[in-house]
Every structure is written in structure tokens, then in C-alpha cells.
Amino acid sequence: MKALRYHILLALADGPLHGAEIRRRAEEQSGGAVTLYPATLYGTLEELRDAGWIAETDSEDADGDRARWRFYALQPEGRLALERETARLEDVVAMARMALREAHEG
Amino acid sequence: MSPGDRAPLAYRALLRLLPSRFRERHGPSMERIFVEILRDARGSGARLGVWTRATVDVVEAAWTARARAGSGGRNGDDGRGWMMMDGWMQDTRYALRQIARRPGFTAVLVLTLALGIGANTAVFSVVNGVVLRPLPYPEPDRLTVVWSQFPTMELMEFPSSWAEFEDYRNATSSFEELGIWGRTQRTLTGGESPERLDVVYFSWTMFSVLGVEPAVGRAFGAEEDVAGQDDVVLLSHGLWTRRFAGDPTVVGSTIELDGRSVTVLGVMPESFAFPDSDTDAWIPAGIDTADPPSRSSHFARILGRLAPGVTLEAATLELERLVEGWGADHTLGHSWNTTAHPAFLRPLQADVVGDVRTSLLVLLGAVGLVLLIACANVANLLLVRAEGRAREISVRSAMGAGRGRIVRQLVTESLVLALLGGAAGLVVARFGLTSLIALAPADIPRLDGVGLDGTVLAFTAGATLLSGLLFGLAPAFRALRTDLRAALHSGGGRGGTAGKERFRLRGVLVVGQTALAVMLLIGGGLLLRSFGNLTRIDPGFSADAVLSASLSIPTNSYPEPSDVTRFYSDLLSRVEGIPGVASAGLVRTPPLTGSLPPNDIEFEGRPSNPDDPPLNSDIQVVSTGYFETMGIPLLVGRAFDDTDDETSEVVAVVDEPFARRFFGEPSAALGAMVRQFGAPEYARVVGVVGSVRQEQLQTEPRAHLYLLHEQTPRTWFPVRGMSVLARTELEPETLVGAVRTEVRALDPDLPVYGETTVRETVRSSMAAERFNLFLQLVFAGVALALAAIGIYGVLSYQVQQRTREIGIRLALGAERGGIVGLVVRQGMGLVAVAVVVGLSGALLTGRVLSSLLYDVSARDPLTYAAVTCVLVGVAAFACWLPARRASAVDPQSALRSE
Chain A
1 MKALRYHILL ALADGPLHGA EIRRRAEEQS GGAVTLYPAT LYGTLEELRD AGWIAETDSE
61 DADGDRARWR FYALQPEGRL ALERETARLE DVVAMARMAL REAHEG
Chain B
1 MSPGDRAPLA YRALLRLLPS RFRERHGPSM ERIFVEILRD ARGSGARLGV WTRATVDVVE
61 AAWTARARAG SGGRNGDDGR GWMMMDGWMQ DTRYALRQIA RRPGFTAVLV LTLALGIGAN
121 TAVFSVVNGV VLRPLPYPEP DRLTVVWSQF PTMELMEFPS SWAEFEDYRN ATSSFEELGI
181 WGRTQRTLTG GESPERLDVV YFSWTMFSVL GVEPAVGRAF GAEEDVAGQD DVVLLSHGLW
241 TRRFAGDPTV VGSTIELDGR SVTVLGVMPE SFAFPDSDTD AWIPAGIDTA DPPSRSSHFA
301 RILGRLAPGV TLEAATLELE RLVEGWGADH TLGHSWNTTA HPAFLRPLQA DVVGDVRTSL
361 LVLLGAVGLV LLIACANVAN LLLVRAEGRA REISVRSAMG AGRGRIVRQL VTESLVLALL
421 GGAAGLVVAR FGLTSLIALA PADIPRLDGV GLDGTVLAFT AGATLLSGLL FGLAPAFRAL
481 RTDLRAALHS GGGRGGTAGK ERFRLRGVLV VGQTALAVML LIGGGLLLRS FGNLTRIDPG
541 FSADAVLSAS LSIPTNSYPE PSDVTRFYSD LLSRVEGIPG VASAGLVRTP PLTGSLPPND
601 IEFEGRPSNP DDPPLNSDIQ VVSTGYFETM GIPLLVGRAF DDTDDETSEV VAVVDEPFAR
661 RFFGEPSAAL GAMVRQFGAP EYARVVGVVG SVRQEQLQTE PRAHLYLLHE QTPRTWFPVR
721 GMSVLARTEL EPETLVGAVR TEVRALDPDL PVYGETTVRE TVRSSMAAER FNLFLQLVFA
781 GVALALAAIG IYGVLSYQVQ QRTREIGIRL ALGAERGGIV GLVVRQGMGL VAVAVVVGLS
841 GALLTGRVLS SLLYDVSARD PLTYAAVTCV LVGVAAFACW LPARRASAVD PQSALRSE
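So the protein lines, in turn, are chains A and B.
Quick note: the first sequence uses our numbering, first residue 1, plus one each step.
Quick note: the second sequence uses our numbering, first residue 1, plus one each step.
By construction, these hints were calculated from the structure, which means they are not laboratory data.
Check each hint, because a few of them may be wrong.
[Unchecked claim] Which bits of chain A does chain B cover? Going by a derived footprint, with three or more residues having C-beta under 8 Å, they are: (1) 12-20; (2) 32-39; (3) 42-51.
The beta-carbon is built from N, C-alpha and C at its ideal position, and this holds for glycine as well.
Produce the complete structure using the sequences and hints provided.
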């Protein structure tokens with residue numbers, strides 16, 4: 001899974017957020033490594049929505065304004081994908097440790 | 001408006017790149033997020049970074065969205081092509097992100113490339129517009145100019161006579177059609193003020209030779225191209241709109257040219273500019289076929305259209321055979337020593353472009369070398385950058401990315417950089433071209449058609465891609481040789497051997513670019529020497545404060561030669577009377593404004609002898625006061641004076657080359673009787689003056705025969721067009737109005753044109769050389785600066801890498817001076833190699849400059865030595881800066897830093 005998708009799903013794990021919040025959360029949880037610029041952010045959000053991993057929810061402050069924030073919520077399929085990817089990353093880290101140890105010794 | 005208000009607007013404009021559905025759904029949120037990011041950025045550098053990354057972000061998203069839409073419509077495709085595209089797209093996106101991550105670094109690279117590519121684009125658009133662009137006629141490569149040559153007189157491009165043209169046209173089959181043309185001038189009267197027009201006469205066949213038709217009306221035919229029937233004219237589009245407001249009813253009406261009523265037959269197309277865009281109108285040649293001009297009267301320039309399939313060589317052969325036949329025929333009317341003269345054929349395009357071709361191609365070569373040097377600098381910067389990325393690359397490679405993939409990634413990054421540089425280069429080129437055209441000398445042909453057209457854009461694209469590949473090769477090559485494990489271990493690679501190899505690669509780049517800079521410096525140095533020689537040429541006159549203005553006296557209001565004479569002597573005394581005028585004179589063709597007509601001459605009582613030098617001299621027509629006004633020294637005898645007039649004895653003045661050629665020494669020429677071949681009267685030579693450079697400063701002075709204007713009806717032909725010269729006590733420019741007033745007082749319908757000063761004429765005669773020199777020096781200077789930066793960069797890097805080693809040396813007691821010597825020696829070693837390579841390169845290629853140099857060899861040792869000194873000096877300084885830093889290393893902290 002692409003790092004961007006992973007961080008967006010991870011950001012939504014605690015509950016629905018809007019775009020600006022997702023951006024801030026992703027930046028915090030990656031230690032500043034992931035900076036989401038607007039077009040990439042919304043492009044990825046649309047991809048995730050099309051895949052059925054997240055959904056747009058009606059926000060509480062909806063007042064028919066076109067400029068209102070859209071909120072996004074993690075769906076069950078999305079949570080499953082997030083868990084699978086986390087497990088895979090754990091495997092990668094384990095393998096990388098082994099490879100580096102060999103390199104040191106060899 | 002504050003930046004905070006403006007930012008969303010520009011960003012909103014950027015969002016227009018996105019598909020509209022996406023923009024409508026998310027646009028407002030995206031703007032708010034963007035403003036938030038921008039608010040967090042502190043300082044203009046950070047804000048520039050945000051803008052760069054946001055731009056890349058939107059462009060990338062738009063690209064992906066559109067590619068997705070495109071691939072959706074391609075069902076049935078096996079998908080492989082798209083996977084490839086996908087890989088490239090991924091690389092590109094990655095590259096864009098890498099580039100956006102370091103906006104300052106990127107800006108330096110893009111700016112360097114933009115200047116290099118921009119300068120190349122600007123120079124190439126001039127080369128394209130002037131040299132390469134085909135002439136705007138159908139099948140232009142069949143158009144061929146026919147010149148006559150007189151090798152004994154060193155006249156290699158000379159017009160032909162009417163009789164010769166008739167021979168070419170009737171007795172050869174190589175040409176589909178031939179025509180003659182020539183330049184003349186006419187005064188257009190009948191408007192609010194008279195206007196002097198540049199007019200070209202055409203034989204009627206010229207229209208089919210060129211393959212053009214008037215845009216309005218019709219061309220003239222054979223029936224109008226006859227003396228007496230030729231009261232017709234075709235207007236240029238420019239004259240038609242300027243003078244007649246583009247009124248179509250002017251076709252068929254009559255206008256006044258030199259006081260003669262002529263019918264406007266038509267208007268030529270706007271794009272038609274033969275022989276050049278200054279031409280205002282075309283009139284029939286109007287040759288009197290009943291009494292044709294003499295065979296020795298070489299006035300006609302010939303243009304032919306080769307028959308389909310006939311080569312230039314075949315046509316040359318046919319004409320050569322024809323001309324050989326003339327030599328055998330003594331009844332042809334030439335004087336004996338010039339009967340046989342070769343014909344010389346050349347494509348019209350080459351004829352139009354002329355000498356400019358070489359200097360423009362040399363310029364293009366020079367600016368191309370500058371781009372190569374810039375590429376070397378960019379490659380060096382990328383190599384430094386690659387050091388910092390060695391770890392990233394090793395990790396990617398350890399994670400399973402193949403080497404090919406990594407190289408592809410690096411090349412993609414270089415190409416993306418090059419494309420950014422190319423795009424910015426187009427902006428540079430647009431402004432560069434404007435200033436280039438403004439600086440260019442007026443005599444560069446076809447300059448008005450120069451612009452950034454499709455050919456130029458293709459060139460820019462090519463130069464961009466080539467640069468990208470060139471500077472991208474170094475980091476890619478380097479990545480291929482990276483020792484992955486070493487890099488992973490040592491955190492960036494400070495290993496001894498790897499470092500050496502890296503230094504070697506960067507050393508090669510520095511040697512290459514410094515060698516190219518040496519070549520450019522030598523080119524610039526040679527042109528500088530040549531220009532210095534030009535400015536030291538003695539033109540033969542000294543006329544710092546002399547005003548010049550031209551006139552031509554029309555036949556209708558001044559029918560008799562004596563009317564013309566009276567007009568000019570009245571004008572001369574009026575001009576002499578203007579306060580501030582010290583002396584005044586008349587001359588037919590002022591020095592350095594054009595060549596004089598060479599004429600066959602004969603001496604009384606001196607039968608021509610086959611061993612004599614060719615009896616031929618250029619003829620100049622002047623008035624009393626001319627030599628004094630122009631500051632031309634009188635060597636022996638006397639100048640023309642007030643005792644000489646139209647009725648007194650016919651007299652002549654000759655110059656030193658004339659006297660030496662025909663009499664051995666100046667004083668021996670006094671008293672000789674000379675005339676133009678076949679003229680009514682002989683003239684007595686009364687004085688000898690110094691030689692004058694007439695055509696250009698560079699051309700050696702030719703023999704001059706000076707005739708007195710009042711006597712030309714008896715010695716040559718009544719000359720009507722003259723220039724008035726006035727030596728002034730004040731700045732000559734201030735008296736232009738006064739001279740005009742005097743002319744208007746004599747005849748209000750007479751236009752005065754071509755007002756200038758002799759100083760300006762001398763200056764503009766060197767305009768082409770000055771332009772060339774200026775650009776070559778700019779390019780050489782840029783090359784030197786780039787090479788110095790390259791040397792500095794590679795040594796600084798080297799010093800930084802060796803901080804620890806230097807620290808150890810110092811700790812072990814090495815002198816600081818010794819450390820400076822160590823670094824400088826290393827740098828100067830590279831420079832020495834570069835100088836040797838560069839000097840050899842210059843020796844091998846210098847010949848292309850030969851035709852641009854005056855009185856200096858392309859292998860001038862002084863220039864080579866001077867360039868070596870300059871380069872070594874600058875390079876030593878570039879070496880000394882990092883050497884000083886090395887000697888300032890603190891051994892303690894250097895040793896601790898590892």
C-alpha cells in the first residue's frame with residue numbers, strides 16, 4: 001500500500017475528520033515525513049472512497065454552504081486493509097533488521 | 001493588496017488545471033488548506049518552497065486524473081504500454097517531489113540551465129531567421145544569382161551588362177527564366193512633403209523568375225518594359241499603407257515620381273521584400289532595345305530560375321562555355337583587357353545571407369560551448385547532491401530496486417530538471433532575442449523575420465533533452481558504480497577509494513569545462529585584437545566634425561546639366577555661409593558608404609600595351625572644398641579650386657594608388673591627360689591626394705580618379721545625386737536643421753535624406769565587428785566564470801572530504817602554508833591539463849575564425865599567451881579560496897568530528 005493511503009487511513013482510525021485535520025494528523029503521526037498537499041490529499045481521498053475504504057459523512061455544521069468541510073469516516077473494509085498493511089510492515093521491518101545484521105557481519 | 005489576499009487567487013488559477021468535477025467538489029477546501037500551509041511557512045525561501053511543491057502537487061494530480069481518464073477509454077489494450085507509462089509517470093512524480101524538496105538547489109540548477117538554453121535559443125533564432133530559413137518564394141533553391149568576375153581588378157562579384165544578359169537568356173538552356181534588377185531612387189511628390197523612395201527596377205521577366213504576383217492589380221509585362229512605355233509602378237505593401245492608407249482605388253491612378261506621372265499597376269504582397277524590406281516600389285527596367293546600353297556598361301544584377309533538374313554545376317559549365325566564346329569575338333565592345341571575364345553562379349539564399357553566415361555560425365558555436373560548460377557545472381552540482389543521497393539510493397536498491405530502475409530514476413530527474421530549465425530558457429530567449437536584435441548592426445539581412453517559430457522551439461527542445469542527458473549521465477554513471485554495502489555502512493560514503501573515484505569523475509568534468517572556456521577566451525581574445533587593429537586603421541581622411549546629407553536633382557524641374565550645376569554651387573555657397581560651418585564640399589559617394597564604380601580609362605598618347613596593369617580606376621565625383629572638408633591630404637600639385645568650372649579646362653585629381661600604379665610616383669602623374677574610356681574630353685591631372693578607404697575599413701584602398709562635379713557632363717555623365725558635406729566648429733548634429741532650411745529655400749520640393757555625420761559613418765562601418773566582439777566577449781566571460789565556479793566547487797568539496805586527513809597532517813606538524821600548497825597544487829594540476837587541452841582545441845578549430853579576423857592570425861601567440869595568463873590567474877584565485885579554508889582547519893575539532 002502506498003504510504004499516503006496508509007497514513008490517511010491511520011489518521012481516520014480514531015473517528016471522522018475533514019481534509020485539513022487529516023493533513024495535520026498525518027504529518028504528526030509520521031513525524032513530519034508525510035506532508036500532504038491539497039491536490040494529492042483529495043485525489044487520494046477520492047480513490048479511497050471509490051475503493052469503499054472510507055465514506056463521506058454529513059458534518060454537524062452543514063448549512064448548505066458550498067465551502068463547508070467534507071468529513072470522511074473509515075469503513076470496515078478500510079479498517080481491515082489498515083490492519084493487513086500494518087502486519088505486512090512489521091514483517092518488512094523484521095526482515096530489514098536481519099538483512100542489516102548480515103551486512104554488518106559479512 | 002497583501003500577499004495573503006493574492007495567494008488564493010493565483011492558487012485558484014492553478015486549480016483550473018484539475019478536472020472540473022474534482023475542482024468543484026474540493027476546490028474551496030484545497031484553497032483553505034493551502035493558505036494554512038502558506039501561513040506556516042516563515043521567510044520568502046520557505047514560501048517559495050510551498051509554492052513550488054503546491055504547483056507540483058496540482059500538476060501531478062491533474063496529470064494522474066487525466067491519464068486515468070485516458071486509460072479508461074482504451075479497453076482492449078493489453079495494458080503493457082500503460083504499465084510502462086505508469087513506471088515513467090511514477091518516476092516523474094518521484095522526480096518532481098525530489099526537486100520540490102530542495103527549492104533553492106533546484107532554482108540554482110534551473111537558472112543555470114535557463115541562461116544556457118535561453119542564450120542558445122536566442123542565437124539560434126537569429127541563425128535560423130537569417131541563414132537557414134528558406135526564402136519566401138516558390139522552390140527557392142532554384143533561384144540563382146549570376147555575377148561577372150574581373151579577376152585582374154579583384155572584382156569577384158560584379159554586375160553584368162545588358163548584352164551579356166541577353167546572351168545568357170537566349171543562348172543557354174540551363175535557366176527556365178532570367179531577369180535583371182537594380183537599385184535606384186525616386187522622389188515621390190504630390191503629398192504634404194516630398195519623400196525619397198528606395199526603388200528597384202525589374203525586367204518584366206523577374207516576376208516569373210521569383211514566382212510572385214501582385215496582391216492587388218497586375219505586374220508589368222514585356223510591352224511596358226520598353227523605354228518610353230514604362231510609366232508604370234508597383235507599390236510595396238508598406239508604401240501603400242503608409243502613403244496611401246491602403247486605398248485600393250490608388251491602383252489605376254497616377255502618382256508623381258521625380259516629377260513624372262506614372263500609373264500604379266498594383267500592390268505587391270505584404271510578405272514580398274525583394275531585394276530587401278526597405279524597397280518601396282518596383283519599376284520596369286525600361287531598356288531601350290533600339291539603342292541598348294554598351295556591352296561594357298556593367299549595371300545589371302542578374303537573377304535566374306534554374307530549369308527543373310538542372311544543377312548549379314551544370315549551369316556554371318554551360319555559362320563558362322558561352323563566356324569563353326566572347327573572348328574570341330573582338331567586336332563585343334569591351335576594352336581589350338577585360339574582354340573575357342568568368343561568370344560566377346551562386347544560390348540566391350547564399351547571396352542574400354553573405355558574410356554574416358560565418359560570424360553567426362561561430363556565435364552559435366560559442367554559445368553552444370557555453371551550454372556545455374553550464375551542463376558540466378550542473379553535473380558537478382548533481383554529483384555533490386548524489387553524495388547526500390547515496391544512502392537513500394542504497395536503501396532503495398536494498399529494498400529490491402534494480403540498478404536499471406535507479407539509473408532510470410536519476411535520468412528522469414535530470415530530464416525533469418532540464419525541462420524546467422528549457423521552459424525558463426524560453427523566457428530568457430524571448431528577452432535575449434529582443435536585446436540581440438536591438439544590438440545587431442543594421443546590415444544583417446532578413447533580421448525582421450527573426451522570431452521564436454516552430455523550428456526554434458524544436459531546437460530548444462533538442463538542446464534541452466541533450467543537456468538533460470549530458471548532465472544526467474554523470475550522476476547515473478556514479479550510481480551504477482556505487483558500492484552499496486560501503487554506502488550503507490559508512491553513512492554517506494567517506495571511504496578512501498570511492499572518494500578518489502568520485503574526485504576523478506568531477507576532475508574530468510572540471511578539466512573539460514575549463515578547456516572549453518580556454519577555447520572561448522581565445523576566440524574572444526582574437527576578435528578583440530582584430531577589433532583593435534580595425535580601430536587603428538587610418539581611413540585616409542580625418543573628419544570628426546563633418547555633417548553629411550544627400551540630395552538628388554530631378555530631371556523634370558532641372559532638365560539641363562547646367563541647372564544641376566547652378567543648384568549645387570548655390571547650395572554650396574549657402575551651406576558655407578551657415579554660422580559654425582568652416583568649410584563645405586560635395587561628393588557623389590561619401591567614404592565608407594559604398595564602393596565606387598570601376599571604369600576603364602585611357603591616357604592620351606599612351607597606347608595600351610598587353611603588359612600594362614589593367615587600365616581601370618574607380619571614379620569619384622567631388623566639388624571644390626571636398627578634400628579640405630574631409631581632411632584628405634594633398635600630396636603634390638593642387639586641389640580643385642574656383643578657377644575650375646564647367647567651361648574651363650577639364651582637370652582631374654588622382655590619388656596615390658592611382659599615381660603609383662600608372663606612373664610609379666605621385667609627382668610623375670602631374671600633367672598627364674586621362675579620361676574614362678570613350679569619354680568626350682581628356683582631363684589634365686593637376687594634383688595627387690592621399691588614398692582613402694572607400695568601401696569598408698578593412699578593404700585596401702583602390703585607385704581613385706576624382707572628377708570635378710561641374711565638368712562631369714564633359715568627362716563622364718551629368719551626375720545628379722550628391723551628398724553635401726559640412727565641416728563644423730560645433731557638434732555637427734546641431735546643424736542638420738540649418739542645412740535643410742537652406743535646401744528648402746532653394747527648392748521646397750527637394751527631399752534631403754540620409755543625414756548623418758562622418759564620425760557616425762565610421763562607427764557604423766564597424767558595427768558588425770563590434771556586435772560580434774561584444775557577444776563573443778560576453779560568452780567568454782560567462783564561460784570563465786562558470787569554469788572558475790567549477791574549479792572552486794570541486795576543490796571545496798575535496799577539502800571538506802579531507803578535513804580529517806588535513807587535521808592529522810597539521811597535528812603531525814605540517815605547515816599551514818604547505819597545506820595551502822597541497823590544495824592549490826591539486827587544483828592547478830587540473831587547470832594545467834585543461835589549458836593544454838584547450839589550447840590544442842583552439843589551434844585545431846581556430847581556422848573557422850580566420851575570415852572574421854583583421855590583421856591577426858588565428859594562431860596569434862600573444863593572444864594564446866594572454867589567455868593562458870588570465871585563465872591561470874582566475875583559476876589560481878578559485879583554488880586559493882578552498883586552500884585557505886583547508887589551512888584554517890583546527891586539528892583538534894577535525895579529529896574529533898569523526
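Notebook entry, point to check: When the hints from earlier in the document are held up against this structure, which numbers fail?
Noted result: Violated: none.
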